[in-house]
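Participant: Each chain, written out:
Number of protein chains: 4
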Amino acid sequence: MTDLDVKQLQRRLAEFASARDWQQYHTPKNLVSALSVEAAELVEIFQWLTPEQSASVMDDPESAHRVTDEVADVLAYLLQLCEVLGIDALAALAGKIERNEQRFPVGSAEPKIPRRHSAE
Amino acid sequence: MTDLDVKQLQRRLAEFASARDWQQYHTPKNLVSALSVEAAELVEIFQWLTPEQSASVMDDPESAHRVTDEVADVLAYLLQLCEVLGIDALAALAGKIERNEQRFPVGSAEPKIPRRHSAE
Amino acid sequence: MTDLDVKQLQRRLAEFASARDWQQYHTPKNLVSALSVEAAELVEIFQWLTPEQSASVMDDPESAHRVTDEVADVLAYLLQLCEVLGIDALAALAGKIERNEQRFPVGSAEPKIPRRHSAE
Amino acid sequence: MTDLDVKQLQRRLAEFASARDWQQYHTPKNLVSALSVEAAELVEIFQWLTPEQSASVMDDPESAHRVTDEVADVLAYLLQLCEVLGIDALAALAGKIERNEQRFPVGSAEPKIPRRHSAE
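Line by line, the protein sequences are chains A, B, C and D.
Everything in the first sequence is counted per our numbering, starting at 1 for the first residue and increasing by one.
Everything in the second sequence is counted per our numbering, starting at 1 for the first residue and increasing by one.
Everything in the third sequence is counted per our numbering, starting at 1 for the first residue and increasing by one.
Everything in the fourth sequence is counted per our numbering, starting at 1 for the first residue and increasing by one.
Any given hint might turn out to be false.
[What the hints assert, rightly or not] Computed spacing ranges between beta-carbons, pair by pair:
#	chain 1	residue 1	chain 2	residue 2	range
1	C	11	B	101	29 to 37 Å
2	B	103	D	103	23 to 31 Å
3	B	55	A	101	43 to 51 Å
4	B	107	C	86	53 to 61 Å
5	A	18	D	103	38 to 46 Å
6	C	56	A	105	21 to 29 Å
7	A	98	B	103	36 to 44 Å
8	B	99	C	101	34 to 42 Å
[What the hints assert, rightly or not] Far from chain A, by Cβ distances over 12 Å, these chain C residues were calculated:
#	residue
9	38
10	55
11	59
12	88
Since the hints were made in silico from the structure, they are not lab data.
Beta carbons: idealized from backbone N, C-alpha and C, even for Gly.
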């Protein structure tokens with residue numbers, strides 16, 4: 001598969017909106033809001049689950065579909081935001097990982113409760 | 001560029017966390033929370049901006065960097081969530097676009113205030 | 001009306017949860033998550049509305065009810081979080097306003113895009 | 001203490017904004033966004049904490065102050081939103097609790113994972 005899939009997906013998203021005359025709604029402010037709403041819908045799925053229940057959320061077809069669906073929604077708005085703002089999302093992440101590899105060298109003392117961790 | 005970039009990025013994210021012994025924090029619940037926090041940080045950049053100011057946020061190097069940085073953070077947690085849950089994010093979005101093309105056929109009456117639009 | 005209403009509401013919320021054996025879910029982490037989910041549901045109501053449409057959201061009985069309902073949900077989780085953590089929400093806000101009156105004296109130069117404003 | 005504290009707080013919040021000419025920013029859309037951003041800042045405090053660490057977050061003066069501060073910020077935006085929209089927040093919650101007491105009678109079968117619970 002090619003990274004053209006990201007570009008292809010962005011193109012399909014743009015065509016989808018354009019064909020329905022919906023780009024008028026796709027201002028950066030509205031897109032970041034929509035993204036945050038979808039992110040909250042992802043949180044909602046896990047909200048009352050115990051860690052054990054969370055770990056097996058993909059074992060049940062219904063919850064697996066809900067999670068996958070919300071992941072798609074978050075990605076949709078993220079890619080549309082990037083399209084509108086001219087941001088290359090994958091390049092942005094690659095650059096961030098590199099910066100973090102500098103900021104958080106392996107073997108340095110790790111904060112007990114890292115304010116952020118993972119590649120951030 | 002290839003879609004291997006998504007897989008490469010996921011691998012680098014996993015290696016980054018692993019090398020710092022941070023995967024212990026990367027439960028699905030924590031990852032969706034972290035994703036929602038980053039999405040809110042994106043919202044925050046635009047919060048008090050007018051539509052005009054929002055439209056030119058990428059013209060200023062400092063705000064452009066902030067936006068790109070938060071986009072990277074959102075994508076980082078989304079991809080790590082997908083890794084942990086075994087979800088193919090691009091395939092999920094492609095499937096969602098197809099379902100939405102069925103649900104919202106062009107030419108049907110559009111709701112005045114669409115509850116959701118774009119590929120959702 | 002008395003500020004006892006806040007205490008009364010907290011008591012009724014606690015009794016409601018207790019009678020249904022739901023306090024087990026009301027850990028601080030779960031409560032802050034739930035609060036953020038309800039806040040996003042509030043955002044969602046306004047998401048695609050223009051400023052004009054937003055301004056008249058309380059004129060339509062259906063959207064007025066939705067907004068009021070989500071305000072109630074946000075307040076419910078905020079008060080329950082405060083109950084669980086032993087925080088006096090009104091006192092916290094009063095203290096914050098005072099600190100902000102010091103931090104943002106009237107007549108000093110205001111940032112063009114205040115990072116935060118209002119009593120924050 | 002009287003419920004006038006809520007009204008007093010709303011008045012002080014309005015005066016604070018007015019004195020700095022900040023009401024221009026306080027559209028309903030901006031206020032719900034700001035509220036969601038503050039709610040995310042609350043989530044962020046707890047994000048990587050274990051349940052045990054979360055339970056003792058108020059024992060450490062620094063984290064206790066952070067939590068109290070964000071609670072104040074969430075409440076500030078909620079009350080300002082209610083002021084702008086003409087919503088009585090405490091009455092809204094009281095009404096919601098009553099409706100929920102009908103919707104979720106004690107003794108009926110509780111869903112194992114309630115989609116919502118507490119007074120919602």
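Participant: Look at each hint and say if it fits the structure.
Facilitator: Structure-based check of all given hints:
At about 51 Å, the CB distance of residue 11 (chain C) to residue 101 (chain B) disagrees with the hint of 29 to 37 Å. Remark: the range hint 23 to 31 Å for residue 103 (chain B) to residue 103 (chain D) is upheld by a beta-carbon distance near 29 Å. For residue 55 (chain B) and residue 101 (chain A), the Cβ-Cβ distance of about 34 Å falls outside the hinted range of 43 to 51 Å, so the restraint is violated. Distance hint check for residue 107 (chain B) and residue 86 (chain C): the Cβ-Cβ separation is about 58 Å, which falls inside the suggested range of 53 to 61 Å.
One distance hint, 38 to 46 Å for the beta-carbon pair residue 18 (chain A) and residue 103 (chain D), holds here, with the actual separation near 42 Å. A hinted range of 21 to 29 Å is violated for the C-beta pair residue 56 (chain C) and residue 105 (chain A), which are about 55 Å apart. A hinted range of 36 to 44 Å holds for the C-beta pair residue 98 (chain A) and residue 103 (chain B), which are about 40 Å apart. For residue 99 (chain B) paired with residue 101 (chain C), a C-beta distance near 52 Å fails the hint of 34 to 42 Å.
Some Cβ of chain A comes within 12 Å of the Cβ of residue 38 (chain C); the nearest lies about 9 Å off, and the non-interface call is violated. At roughly 16 Å, the least C-beta separation between residue 55 (chain C) and chain A is larger than 12 Å, which holds for a residue marked as non-interface. Interface exclusion of residue 59 (chain C) from chain A stands, the closest Cβ pair being 21 Å apart, more than 12 Å. Every C-beta of chain A lies more than 12 Å from that of residue 88 (chain C), the closest at about 26 Å, which supports listing it as non-interface.
The structure fails to meet hints 1, 3, 6, 8, 9 from the earlier list, while all remaining hints are met.
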